[in-house]
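Q: All chains should be built: construct the whole structure from the sequences, respecting the hints.
Spelled out from the first residue to the last, the chains are:
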Amino acid sequence: MSPDTLAPLPAPLPADGDPGADDSCSMGGLFETDVLDILMDRSRRLRLLPGESLFAQGDPADRFFLIRDGKVRLYTLEPGGNAVTLHVFGPGDFFGLPAMLGLRHYPVNGDAVTEAVVDVITRSTLFARLEEDGGRLMPLLTSLGRRHRTMTRSLAELKGISAFRRVCLWLWRELEKAIPDAGTHPAGTPAAICLHVPHYVIAGAVGLTPENFSRALRRLEKLGIHLHRGHLSVGDTAVLRQMAAADTSPED
Amino acid sequence: MGINLDLLSEQAILGAALTRLSPLGTAFLADEGSVLYREGDALDTLYLVQDGSVMTEVMLSSGPAVPVDITGRGGVLGLSDLGEGTHGETARTLSPCRLIRLTPGQVHDLAGSSAETALLLVGLLSVGLRHRIRAIADQRSLSARGRLMAFLLSLMPGRRSGSVTMRLPVSKTTLAAHLGITPQSLSRSLRSLRDDGVTVRGALVTVADPADLRHAMEAERDVA
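Going down the list, the protein sequences come from chains A and B. Read in UniProt numbering, the first sequence has 99 at position 99, and its numbers run on one by one without any break. Read in UniProt numbering, the second sequence has 82 at position 82, and its numbers run on one by one without any break.
It is possible that part of the hints are untrue.
Residues on chain A that point at chain B, a partial pick, calculated with CB under 8 Å [stated by the list, open to error]:
{"no.": "1", "residue": "Val84"}
{"no.": "2", "residue": "Leu86"}
{"no.": "3", "residue": "Leu97"}
{"no.": "4", "residue": "Pro98"}
{"no.": "5", "residue": "Met138"}
{"no.": "6", "residue": "Gly145"}
{"no.": "7", "residue": "Arg147"}
{"no.": "8", "residue": "His148"}
{"no.": "9", "residue": "Ser154"}
{"no.": "10", "residue": "Ala156"}
{"no.": "11", "residue": "Leu158"}
{"no.": "12", "residue": "Gly160"}
{"no.": "13", "residue": "Ile179"}
{"no.": "14", "residue": "Gly207"}
Source of the hints: derived by calculation from the structure; they are not laboratory data. C-beta: ideal position from N, C-alpha, C; glycine also.
A: Here you go:
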């Protein structure tokens, strides 16, 4: 879908697009209202269905995107056709700027994971704003810095933590988000939460193929931890906490 | 005033950073192995690398620090920490370095001074982000051997042909951690590269033909 074919920007979404409401995959909730205020009046809005493509690898990189609602993933396709998910963005995240600023073409693909509402800011809009007042884009620098820190940590985890432990860590973080005092549960305390995230997205977030992710889930089942259709049930939260904290090498 | 897109290539951004930022700060020399800052330290200084290379590493909840990147000439360390006010990683020099100290206030002032300097700073961070995205993709889609090839090729940017001998900028233990593998896997991977024209003697690595190595790495990517 090309943003150029869309109708002019409708009124901003109501506050139901609370960026903190569902950011299980947004890798940090990078919502910056200042950035929005600066760029919104010249952006266009897209509404995407799950699986709908925002851009494909090789498309001209002349715009970047700000997610108002939903989730979008960036991925590459291996020669065999397998998708390698690089990142999943959620409400408040923006993406595509590094490619727009330094590359002629997008180096990856971008698809909606869920229904999504995305604002599109073109290069000409950004440059016009910069020429008006470069200093007003300081929030953009701050947001990019936060993204950089988040990706640095993701990279370190990919290098330094075993695949199985990354799965445990991801699930544990989700559990802690939903049940903030889960870390103080006595041994034997069960818990159950809804994740609303497809398995392939979790697999991408932890850097595993769907097949290897399924293997990790089977291993977790033996520990009383079950993930089925977005429902996570944990027989003993202390076990998951322990697995997430275990000291294992990347090749375990 | 128009903004020239050609100024946004990686080399142009790093070159512009050296030209524009160097006069603002104070230069100093750092010995090999100097820790410029530690993860969690308050952000009171940013460092522009004029010469040499600096490794950044991150502590995980357990285990040793994990190397994440090597920053060379033109890179600015600490730029990603401006919003947080603390450093998100530890920076350690890998060689004697010539660095420029900048304060966060100077960088803020610079961002507001003109469109092109604001774009330069956003561009610098974008270079860092693209490196992260590439590294994450390589970590996921390349084998240990393929990642080693990619690392060796990153040490000789622009070289297309002709034998190249270089010194590894880090110990083999650190290199293994940087690649996300064990030291034993690194040794196996180094041995396996002999057929691709890579020979190792201590810290010296010779690549018979960088173009051949690049082809081998791309082939590795295709079968990963």
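Q: Does each hint fit the structure? Answer for all of them.
A: Checked hints:
For A:Val84, the suggested interface contact is upheld, since its CB lies about 5 Å from the closest CB of chain B, less than 8 Å. Taking 8 Å as the C-beta cut-off, the interface hint given for A:Leu86 holds, the closest approach to chain B being about 6 Å. Hint status for A:Leu97 relative to chain B: holds, with the closest Cβ pair at about 6 Å, below 8 Å. Interface hint status for A:Pro98: upheld, as the beta-carbon distance to the closest one in chain B is roughly 4 Å, under 8 Å.
The beta carbon of A:Met138 is positioned within 8 Å of a beta carbon in chain B (closest approach about 5 Å), and the interface hint is therefore held. The closest approach between the C-beta of A:Gly145 and any C-beta of chain B is roughly 4 Å, which is under the 8 Å cut-off, so the hint is satisfied. Here the hint on A:Arg147 is kept, as its CB sits about 6 Å from the closest CB of chain B, short of 8 Å. The beta carbon of A:His148 is positioned within 8 Å of a beta carbon in chain B (closest approach about 4 Å), and the interface hint is therefore held.
Annotation: A:Ser154 was flagged as interfacial toward chain B, and the flag holds, the nearest CB pair being 6 Å apart, inside 8 Å. Among the interface hints, the one on A:Ala156 holds; its C-beta lies about 4 Å from the nearest C-beta in chain B, closer than the 8 Å criterion. Interface restraint check: A:Leu158 against chain B, minimum CB-CB distance 5 Å, threshold 8 Å, status holds. A cut of 8 Å between beta carbons decides the hint on A:Gly160: the least distance to chain B is about 4 Å, and the hint holds.
The criterion of a C-beta within 8 Å of any C-beta in chain B is not met by A:Ile179, whose closest approach is roughly 19 Å, and the hint is violated. Satisfaction of the interface hint for A:Gly207 is found here, the shortest Cβ-Cβ separation to chain B being roughly 5 Å, below the 8 Å cut-off.
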